[in-house]
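There are 2 protein chains.
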Amino acid sequence: MAAVEPRLLKGFRDFLPAEQAGRQTMLDAITRAFEACGFAPLSTPAIEYADVLLGKYGVEGEKLLYRFLDNGGRDVALRYDLTVPLARVVAQYRDLPKPFKRYQTGTVWRAEKPAHGRFREFMQYDADIVGAASPLADADCIAAGILALEGLGLDRFIVRIGHRGVLNALLAGLGILDTGLQLAVLRVLDRREKIGEEAVGQMLSELGIFPENSERLMRALNEGETGLDFAMLSATDAGSQGYAHLSRVVEVLRRMGYGERIRWDLSIARGLDYYTGTVYETTLLDLPSVGSVMSGGRYDTLLETYGVPAIPCVGISIGVDRLFAALVELGRAPTGATGPQVVVCILGESVLMTAVGVVADLRRAGVRTESVPEPTARLKKQFEYASRRGARFAILLGDAEVAEGRAAVKDLATGLQESVPLADLVEHLRHAISEG
Amino acid sequence: MAAVEPRLLKGFRDFLPAEQAGRQTMLDAITRAFEACGFAPLSTPAIEYADVLLGKYGVEGEKLLYRFLDNGGRDVALRYDLTVPLARVVAQYRDLPKPFKRYQTGTVWRAEKPAHGRFREFMQYDADIVGAASPLADADCIAAGILALEGLGLDRFIVRIGHRGVLNALLAGLGILDTGLQLAVLRVLDRREKIGEEAVGQMLSELGIFPENSERLMRALNEGETGLDFAMLSATDAGSQGYAHLSRVVEVLRRMGYGERIRWDLSIARGLDYYTGTVYETTLLDLPSVGSVMSGGRYDTLLETYGVPAIPCVGISIGVDRLFAALVELGRAPTGATGPQVVVCILGESVLMTAVGVVADLRRAGVRTESVPEPTARLKKQFEYASRRGARFAILLGDAEVAEGRAAVKDLATGLQESVPLADLVEHLRHAISEG
Chain A
4 MAAVEPRLLK
14 GFRDFLPAEQ
24 AGRQTMLDAI
34 TRAFEACGFA
44 PLSTPAIEYA
54 DVLLGKYGVE
64 GEKLLYRFLD
74 NGGRDVALRY
84 DLTVPLARVV
94 AQYRDLPKPF
104 KRYQTGTVWR
114 AEKPAHGRFR
124 EFMQYDADIV
134 GAASPLADAD
144 CIAAGILALE
154 GLGLDRFIVR
164 IGHRGVLNAL
174 LAGLGILDTG
184 LQLAVLRVLD
194 RREKIGEEAV
204 GQMLSELGIF
214 PENSERLMRA
224 LNEGETGLDF
234 AMLSATDAGS
244 QGYAHLSRVV
254 EVLRRMGYGE
264 RIRWDLSIAR
274 GLDYYTGTVY
284 ETTLLDLPSV
294 GSVMSGGRYD
304 TLLETYGVPA
314 IPCVGISIGV
324 DRLFAALVEL
334 GRAPTGATGP
344 QVVVCILGES
354 VLMTAVGVVA
364 DLRRAGVRTE
374 SVPEPTARLK
384 KQFEYASRRG
394 ARFAILLGDA
404 EVAEGRAAVK
414 DLATGLQESV
424 PLADLVEHLR
434 HAISEG
Chain B
4 MAAVEPRLLK
14 GFRDFLPAEQ
24 AGRQTMLDAI
34 TRAFEACGFA
44 PLSTPAIEYA
54 DVLLGKYGVE
64 GEKLLYRFLD
74 NGGRDVALRY
84 DLTVPLARVV
94 AQYRDLPKPF
104 KRYQTGTVWR
114 AEKPAHGRFR
124 EFMQYDADIV
134 GAASPLADAD
144 CIAAGILALE
154 GLGLDRFIVR
164 IGHRGVLNAL
174 LAGLGILDTG
184 LQLAVLRVLD
194 RREKIGEEAV
204 GQMLSELGIF
214 PENSERLMRA
224 LNEGETGLDF
234 AMLSATDAGS
244 QGYAHLSRVV
254 EVLRRMGYGE
264 RIRWDLSIAR
274 GLDYYTGTVY
284 ETTLLDLPSV
294 GSVMSGGRYD
304 TLLETYGVPA
314 IPCVGISIGV
324 DRLFAALVEL
334 GRAPTGATGP
344 QVVVCILGES
354 VLMTAVGVVA
364 DLRRAGVRTE
374 SVPEPTARLK
384 KQFEYASRRG
394 ARFAILLGDA
404 EVAEGRAAVK
414 DLATGLQESV
424 PLADLVEHLR
434 HAISEG
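Which chain is which? The protein sequence lines are A and B, in order.
Residue numbers for the first sequence follow the working numbering, so the first one is 4 and each next one is one higher.
Residue numbers for the second sequence follow the working numbering, so the first one is 4 and each next one is one higher.
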């Protein structure tokens, strides 16, 4: 058989040990934060029936689905996010106690055009509350996300919070009543930070919005919390209700001590079709160009698409890979174990069997340990191996040591070496390691 | 749009919080064991070019690949195991330091006919050593697996260890020299425990093996370590070398203290085509019917299929889902956090903002905390909610408490209630929780 070139698909990545260990440390920190907020874990399949996913992400999103016929000819697709599978779960297991607070991390797939920082396979880490209409629930999701970012050592970030209902009311106040047109306007506004107000004005004009209305809209968005044009808001009940809801979310987050982390920002629209209320995005102040690292919102009507009564839902999603890349760029990359703390050197075949017993004892005591790959007499090579593996300590076992019932323990950081009775070895190393 | 029925594909599963929390606890325990043995994490994509995976799993295995054309018309497939992606990584990044000891957990997909306990999506947890031909490496992988199972509280299990080279030598000694026929015989032998010796003899006879040879073979397999028919072994060098290798693996494991956990068993063949040396399977003594929960072996020629020089490889793979199901059946199911330890009850709108501050403070201190979903005056309902969420403590905040700067803390297990100053609340609850 001809040799196959070992290669990756474009937009897909391997994570080699140093990076993957850091990613795992990051995921663990997020897990701790989400659990501290009372969320519980859920796992759903990577593959769903295509119709379960369709009609949720908008026309452009749907084009990005990895959709195929499986071996039984079923029309299936890889999951595009973790939100729609959650909605499917809640619709399917009707008796799940509500509010249902779940966290979930996993890989999602989108057939995007690969570009710098944009991948076809990436991880999300979500926390959602199903069955709670209260603004307390929105605040809880945002607070969980903030706790997670703080747990990763991040300080300089801002969660910008808006509300689709308020934004729609503003649009309605300007006479933009058609849902399709509203969605088109929202999509333009969503790009406001990226492309600037002038380009937004131009694109709105192409949608048939008069310049004076674009200006009023922009002014309302910029004025924010205090200076809002309430005359425009009163165009719909949903608008004033949304305004009250959003105000409460912001107030709760402030009382939780997150006043400096949040910002009222009505221009947030989010790209996805399913959002109905609050929407939020997170900017790293020292790396604004990476875009939002944590986003979400309320989606109170998504369940209806499965033929069940609407259940209010709200959630937040951390873009794990984007956030990890940002942490690396900020010099705050999490790290994790990538090898042994102790390497047992074996000075000759005759002590091999003693050595493997020492290895096993240290491991049982929780010390990350391995032996050199082969017994060999060249000690210098064995030390080099221990260093290369990142070990802090090398244990030397030769005939003389074993005859005396002792081992030599070398601290590879300081070069100091001491003789330790075999019987005390485990305690000695546990202590030495815990002292750093 | 017509409603879509929320449903799962056959052979796929959701894991709701209680089960998923237990699975995560199990995965964490395996991670600790593999890290204790010096393995480092790797992550590879779920999707690979189809040709990267083809030709590794045998004809029957290959039929089970989830293979499809992606949006760019590329012939791709979901990964079938974690071993072949590892081989691809090692062939692709030629300068990875060897030995390369990696662990990896992840989902794999096989379009099996769904049956009781057989799924199309399941998790594996692997540890492999690339670039070490020594029997120490085989023993290290098996030891890592044993440490993982012990870490899950398992005691009654046996790792049965055989060797393909020895088995092939036995076959050659009986004149079965054709590779295709050898493979067919191995596949039959592989089912020996399931179908019994009589059925095996019948199937071997259908392959053209004379009954006296089947009997000699079966006798050699049953005699094991000490009584092996060396006359048959000497038919090939590979046979005697394999015998020496296997003997050393078993000796090392015994010296590591695992003598009672391992058993010499030459009948092990494993289904996959890529194994070349030692092969092993693990039986739970109290649940033999579930089959092997941890298997692996040596595959020294797999890298060659990528046009790179052969690199010796050996590994072990834990069947996460099968093992978890077995732990449940044995009454040893791991558990994990599925909700808050503390629920803050809010007796009226006026104390809401104090309450959310208390919630945030407890979370920052690592106490799993949430408030009731809505401020409401009906205390009994709020207590019921706290109990239903699995909390141990309820904190009561009303106007009187807040005016005094205190909160009532109720132990939901004992019913005892005490008044605690708000300033001491975090310390009080941390202490109460750590005391269980």
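Hints listed in this document are in silico derivations from the structure and should not be mistaken for laboratory results.
Glycine is no exception: its CB is placed at the ideal position from the N, C-alpha and C atoms.
Errors might be hidden in some of the hints.
In silico lysine-lysine, DSS-like type, Cα no more than 25 Å apart, as pairs [claimed, not checked]:
hint	chain 1	residue 1	chain 2	residue 2
1	B	Lys101	A	Lys384
2	A	Lys59	B	Lys13
3	A	Lys13	B	Lys13
4	B	Lys59	A	Lys101
5	B	Lys383	A	Lys101
6	A	Lys66	A	Lys101
Examples of chain A residues toward chain B, derived with CB under 7 Å [as the list claims (entries may be wrong)]:
hint	residue
7	Phe18
8	Val92
9	Ala94
10	Asp98
11	Pro117
12	Ala118
13	Gly120
14	Arg121
Computed beta-carbon distance windows for the label pairs [claimed, not checked]:
hint	chain 1	residue 1	chain 2	residue 2	range
15	B	His119	A	Asp31	49 to 57 Å
16	B	Ile161	A	Gly418	31 to 39 Å
17	B	Arg381	A	Val331	32 to 40 Å
18	B	Ser437	A	Arg10	45 to 53 Å
19	B	Glu153	A	Asp31	16 to 24 Å
20	A	Ser292	B	Lys101	38 to 46 Å
Going through the hints against the structure:
no., hint, result
1, Lys101(B) with Lys384(A), "holds (14 Å)"
2, Lys59(A) with Lys13(B), "holds (23 Å)"
3, Lys13(A) with Lys13(B), "violated (30 Å)"
4, Lys59(B) with Lys101(A), "violated (47 Å)"
5, Lys383(B) with Lys101(A), "holds (18 Å)"
6, Lys66(A) with Lys101(A), "violated (34 Å)"
7, Phe18, "holds (4 Å)"
8, Val92, "holds (6 Å)"
9, Ala94, "holds (4 Å)"
10, Asp98, "violated (11 Å)"
11, Pro117, "violated (10 Å)"
12, Ala118, "violated (15 Å)"
13, Gly120, "violated (17 Å)"
14, Arg121, "violated (15 Å)"
15, His119(B) with Asp31(A): 49 to 57 Å, "violated (34 Å)"
16, Ile161(B) with Gly418(A): 31 to 39 Å, "violated (45 Å)"
17, Arg381(B) with Val331(A): 32 to 40 Å, "violated (50 Å)"
18, Ser437(B) with Arg10(A): 45 to 53 Å, "holds (51 Å)"
19, Glu153(B) with Asp31(A): 16 to 24 Å, "holds (23 Å)"
20, Ser292(A) with Lys101(B): 38 to 46 Å, "holds (39 Å)"
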